[in-house]
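Residue numbers (this note's numbering), protein chains in the order written: chain F, 105 to 509; chain E, 105 to 509.
Do not rely on the hints blindly, as some may be mistaken.
In this list, chains with the same sequence are indistinguishable; a pair is considered to hold if it fits within one copy or across any two.
Subject to a maximum C-alpha distance of 30 angstroms in a straight line, what follows is the list of computed DSS-like cross-link-like pairs (lysine-lysine) [what the hints assert, rightly or not]:
| id | residue 1 | residue 2 |
| --- | --- | --- |
| 1 | K187 | K212 |
| 2 | K472 | K444 |
| 3 | K277 | K434 |
| 4 | K444 | K277 |
| 5 | K187 | K472 |
| 6 | K434 | K187 |
| 7 | K187 | K490 |
| 8 | K181 | K212 |
| 9 | K425 | K212 |
| 10 | K444 | K471 |
| 11 | K471 | K490 |
| 12 | K444 | K165 |
| 13 | K187 | K444 |
| 14 | K212 | K277 |
It is worth saying that the hints were derived from the structure and are not from the lab.
Protein chains: 2
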Amino acid sequence: MRIAILGGDGFCGWPTSLQLSAAGHEVHILDNLSRRWIDTELGVQSLTPMDSIQERCRIWKEVSGESLHFHLLDLAKEYERLKAWLVEYRPDAIVHFAEQRAAPYSMKSDRHKVYTVTNNTNATHNLLAAMVESGIDAHLVHLGTMGVYGYSSVGAPIPEGYLDIEIDTPDGKRAQEILYPTRPGSVYHMTKSLDQILFQFYAQNDGLRITDLHQGIVWGTHTDQTRRHEQLINRFDYDGDYGTVLNRFLIQAAIDHPLTVHGTGGQTRAFIHIRDSVRCIELALDDAPEAGDRVKIFNQMTETHRVRDLAELVAKLTGAKVAYLPNPRKEAPENDLIVKNDQFLALGLDPTTLAEGLLSEVVDVAKKFAHRIDRSRVPAVSAWTKDLGSRVERDPEGKALKSVS
Amino acid sequence: MRIAILGGDGFCGWPTSLQLSAAGHEVHILDNLSRRWIDTELGVQSLTPMDSIQERCRIWKEVSGESLHFHLLDLAKEYERLKAWLVEYRPDAIVHFAEQRAAPYSMKSDRHKVYTVTNNTNATHNLLAAMVESGIDAHLVHLGTMGVYGYSSVGAPIPEGYLDIEIDTPDGKRAQEILYPTRPGSVYHMTKSLDQILFQFYAQNDGLRITDLHQGIVWGTHTDQTRRHEQLINRFDYDGDYGTVLNRFLIQAAIDHPLTVHGTGGQTRAFIHIRDSVRCIELALDDAPEAGDRVKIFNQMTETHRVRDLAELVAKLTGAKVAYLPNPRKEAPENDLIVKNDQFLALGLDPTTLAEGLLSEVVDVAKKFAHRIDRSRVPAVSAWTKDLGSRVERDPEGKALKSVS
Ligand SMILES: NC(=O)c1ccc[n+]([C@@H]2O[C@H](COP(=O)([O-])OP(=O)(O)OC[C@H]3O[C@@H](n4cnc5c(N)ncnc54)[C@H](O)[C@@H]3O)[C@@H](O)[C@H]2O)c1
Ligand SMILES: NC(=O)c1ccc[n+]([C@@H]2O[C@H](COP(=O)([O-])OP(=O)(O)OC[C@H]3O[C@@H](n4cnc5c(N)ncnc54)[C@H](O)[C@@H]3O)[C@@H](O)[C@H]2O)c1
Chain F
105 MRIAILGGDG
115 FCGWPTSLQL
125 SAAGHEVHIL
135 DNLSRRWIDT
145 ELGVQSLTPM
155 DSIQERCRIW
165 KEVSGESLHF
175 HLLDLAKEYE
185 RLKAWLVEYR
195 PDAIVHFAEQ
205 RAAPYSMKSD
215 RHKVYTVTNN
225 TNATHNLLAA
235 MVESGIDAHL
245 VHLGTMGVYG
255 YSSVGAPIPE
265 GYLDIEIDTP
275 DGKRAQEILY
285 PTRPGSVYHM
295 TKSLDQILFQ
305 FYAQNDGLRI
315 TDLHQGIVWG
325 THTDQTRRHE
335 QLINRFDYDG
345 DYGTVLNRFL
355 IQAAIDHPLT
365 VHGTGGQTRA
375 FIHIRDSVRC
385 IELALDDAPE
395 AGDRVKIFNQ
405 MTETHRVRDL
415 AELVAKLTGA
425 KVAYLPNPRK
435 EAPENDLIVK
445 NDQFLALGLD
455 PTTLAEGLLS
465 EVVDVAKKFA
475 HRIDRSRVPA
485 VSAWTKDLGS
495 RVERDPEGKA
505 LKSVS
Chain E
105 MRIAILGGDG
115 FCGWPTSLQL
125 SAAGHEVHIL
135 DNLSRRWIDT
145 ELGVQSLTPM
155 DSIQERCRIW
165 KEVSGESLHF
175 HLLDLAKEYE
185 RLKAWLVEYR
195 PDAIVHFAEQ
205 RAAPYSMKSD
215 RHKVYTVTNN
225 TNATHNLLAA
235 MVESGIDAHL
245 VHLGTMGVYG
255 YSSVGAPIPE
265 GYLDIEIDTP
275 DGKRAQEILY
285 PTRPGSVYHM
295 TKSLDQILFQ
305 FYAQNDGLRI
315 TDLHQGIVWG
325 THTDQTRRHE
335 QLINRFDYDG
345 DYGTVLNRFL
355 IQAAIDHPLT
365 VHGTGGQTRA
375 FIHIRDSVRC
385 IELALDDAPE
395 AGDRVKIFNQ
405 MTETHRVRDL
415 AELVAKLTGA
425 KVAYLPNPRK
435 EAPENDLIVK
445 NDQFLALGLD
455 PTTLAEGLLS
465 EVVDVAKKFA
475 HRIDRSRVPA
485 VSAWTKDLGS
495 RVERDPEGKA
505 LKSVS
């Protein structure tokens with residue numbers, strides 16, 4: 105297949121591009137490299153040394169003999185070039201990673217809120233309009249998140265995208281299938297909730313074939329391909345905006361900083377290893393919907409953990425302490441999260457669990473590159489509202505840090 | 105109150121501005137005049153001769169002694185100027201009409217789809233982010249549409265915004281309130297469905313006070329204020345993009361063209377007179393939610409009619425014939441529409457019905473300005489999909505026009 109990987113320079117996009125190239129597909133990366141600019145804006149960098157995309161593609165050619173084609177293109181701002189690209193290359197499949205993906209970044213200031221909405225909504229909508237207009241029949245695989253449900257569900261297992269409800273009518277109750285109702289908790293998550301409505305419309309009106317993967321937090325650095333050369337290594341973010349909770353614990357442990365848990369740590373999160381994430385995308389590509397089908401929605405995660413249990417797990421592996429801090433996010437202090445992922449299991453996914461994979465992350469990544477850690481980036485920064493902002497300011501880093509275990 | 109009317113140069117915004125000014129409020133119109141540019145793009149004009157906004161404001165001052173303040177501002181593109189405006193003027197209330205509002209225009213081409221999504225989503229989101237950032241405590245009243253439900257409901261009465269459902273949990277069924285599920289049928293309607301999610305988020309995260317009015321098709325030209333001077337007259341659109349079904353029937357009747365009904369004419373639509381629309385906005389302004397409340401959603405309509413019954417009504421008043429044409433929209437051929445509007449009735453709304461008001465539209469507007477009608481603008485133009493586009497092309501205007509009554 106000829107596959108376009110939108111956002112193929114990113115954390116998920118890069119190993120996906122490598123894997124699909126290794127599997128014999130013709131892979132094209134489209135990316136505006138905005139994420140590298142955001143690193144510059146924030147003054148942060150990947151823990152792992154990351155080469156330019158052009159250099160990475162060159163190395164891959166050397167190592168594997170396969171070409172990876174890179175195209176610099178802004179999906180959100182260059183509609184006409186995007187359409188021209190689709191008309192010229194006519195991909196069979198498109199994997200869409202190209203969005204601003206950090207919730208804390210999306211809440212930093214009004215400029216960041218506006219950027220996140222403009223970038224993500226226009227990127228996704230431009231793509232859909234250009235697919236229709238160019239008349240190509242590509243299968244679109246998009247990366248969404250279960251975070252659209254706000255982790256504030258009433259304790260019901262999160263089904264894969266849809267919910268059957270009953271509506272009262274003058275002729276009695278009638279069954280109806282609806283998109284599982286969303287309640288996003290950040291501007292970033294809100295944009296994924298908007299994306300769902302765009303997908304529903306274009307699948308229905310124009311028969312676009314769309315799969316939306318509601319992904320959990322992706323952890324892990326290496327895949328079989330990224331291990332093939334040190335310059336193929338994937339990015340590893342640990343700053344307060346882009347570093348996910350697990351990466352931040354790993355880094356804190358590596359520099360003997362207490363593992364900082366916000367609130368009670370009772371928030372439950374869903375996880376998936378990068379290897380499994382890439383594998384799920386391959387499985388989804390092989391299982392495309394037909395024109396006219398509803399959007400196919402999968403939950404792409406393999407296990408759930410409470411944040412405090414995760415901290416304890418890393419603490420046990422590394423000897424680190426755990427510290428509890430006020431929560432800058434507006435969210436319920438404790439929640440359960442039950443997620444259905446029957447569809448990927450049925451397609452043969454065989455997950456790497458945290459219990460198996462975590463030690464290698466500690467040794468091969470966090471400890472190996474510990475000398476590159478910028479300690480000033482370890483505390484979290486963005487507050488969800490003005491009130492919470494002043495609460496957090498009143499707790500300067502380290503000062504109010506209560507070490508509890 | 106100091107009230108900002110966003111989109112105050114438009115069909116609904118102008119009479120609303122006049123009425124609120126007449127009622128003693130300090131009224132500021134913010135508009136980028138994009139709608140006048142769209143008239144230029146399409147080569148169409150209002151049936152009623154419409155002066156510049158500056159001239160209209162001058163006349164209003166002459167007639168009423170009250171000032172209307174006009175500010176040229178693009179909500180979607182000028183975030184910083186919008187925020188600065190809010191900080192300087194600190195309005196008590198904001199009425200938001202400033203969106204591209206024609207479904208056929210939104211489906212004309214990919215450029216129109218992209219424009220509609222970018223303009224409407226960025227306008228609404230910029231406004232919300234600027235309200236939070238400027239720290240003002242204004243009540244936001246937005247104009248939405250019941251069209252977000254796609255007129256494809258299963259025959260259930262459309263409630264005012266919310267639906268109580270039951271969700272299965274491991275501990276049994278639990279009740280949950282959700283936004284009434286949407287299923288928009290055009291890119292324009294889709295943007296209103298996106299707006300709802302933006303409102304839900306900002307009401308919940310930042311305590312913004314928001315009322316969303318799900319409005320039916322607005323008809324009628326005059327209000328008490330627009331009658332006070334001929335240069336205060338409201339716009340009247342009848343072209344294939346912006347002319348609503350009723351206006352198009354009135355114009356067809358005025359030039360002895362058959363009234364063109366698409367499909368069977370079995371589609372049911374909700375209607376409201378412009379006087380009642382303005383009155384509803386006043387009622388909504390007086391009934392603001394508190395910070396922390398959910399978004400208040402009203403259905404703003406007073407009656408429903410099937411399109412073919414509407415055609416028969418106009419035919420009876422004017423002696424015109426009715427003609428049935430293929431439908432360029434992708435929609436169910438027949439549908440029922442039962443709408444709840446208990447909230448506005450409870451607040452004292454006393455509607456003007458079509459049966460009462462239609463004759464004056466025929467005489468005072470359509471016949472009076474019939475010499476200004478551009479006959480080439482009478483057929484509808486935008487097709488919803490490429491297939492439907494070619495079907496419509498195969499029926500050149502007039503040619504396939506089967507006159508049936
Ligand atoms: N990483 C996770 O844990 C996780 C979890 C759930 C969902 N996701 C989703 O997966 C996708 C990829 O996430 P990631 O972690 O790889 O993020 P990332 O920031 O590492 O990669 C995103 C890539 O998209 C590019 N991009 C952004 N906007 C663009 C635009 N307008 N035009 C062209 N390119 C653009 C960026 O330059 C970057 O290379 C995102 O949509 C994200 O929401 C990620
Ligand atoms: N007219 C109807 O029958 C009807 C029915 C239901 C809902 N509505 C809603 O009511 C609102 C007003 O409708 P209308 O009929 O008055 O439309 P209109 O096109 O006559 O007026 C909209 C006004 O908003 C302005 N505008 C658009 N984008 C803007 C931007 N980015 N910045 C600043 N100004 C901008 C336009 O210049 C125009 O003056 C719309 O949101 C529409 O969706 C209208």
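Practice prompt. Give me the numbers of the hints this structure contradicts, sorted from smallest to largest.
Written response: Violated: hints 2, 5, 10, 11, 12, 13, 14.
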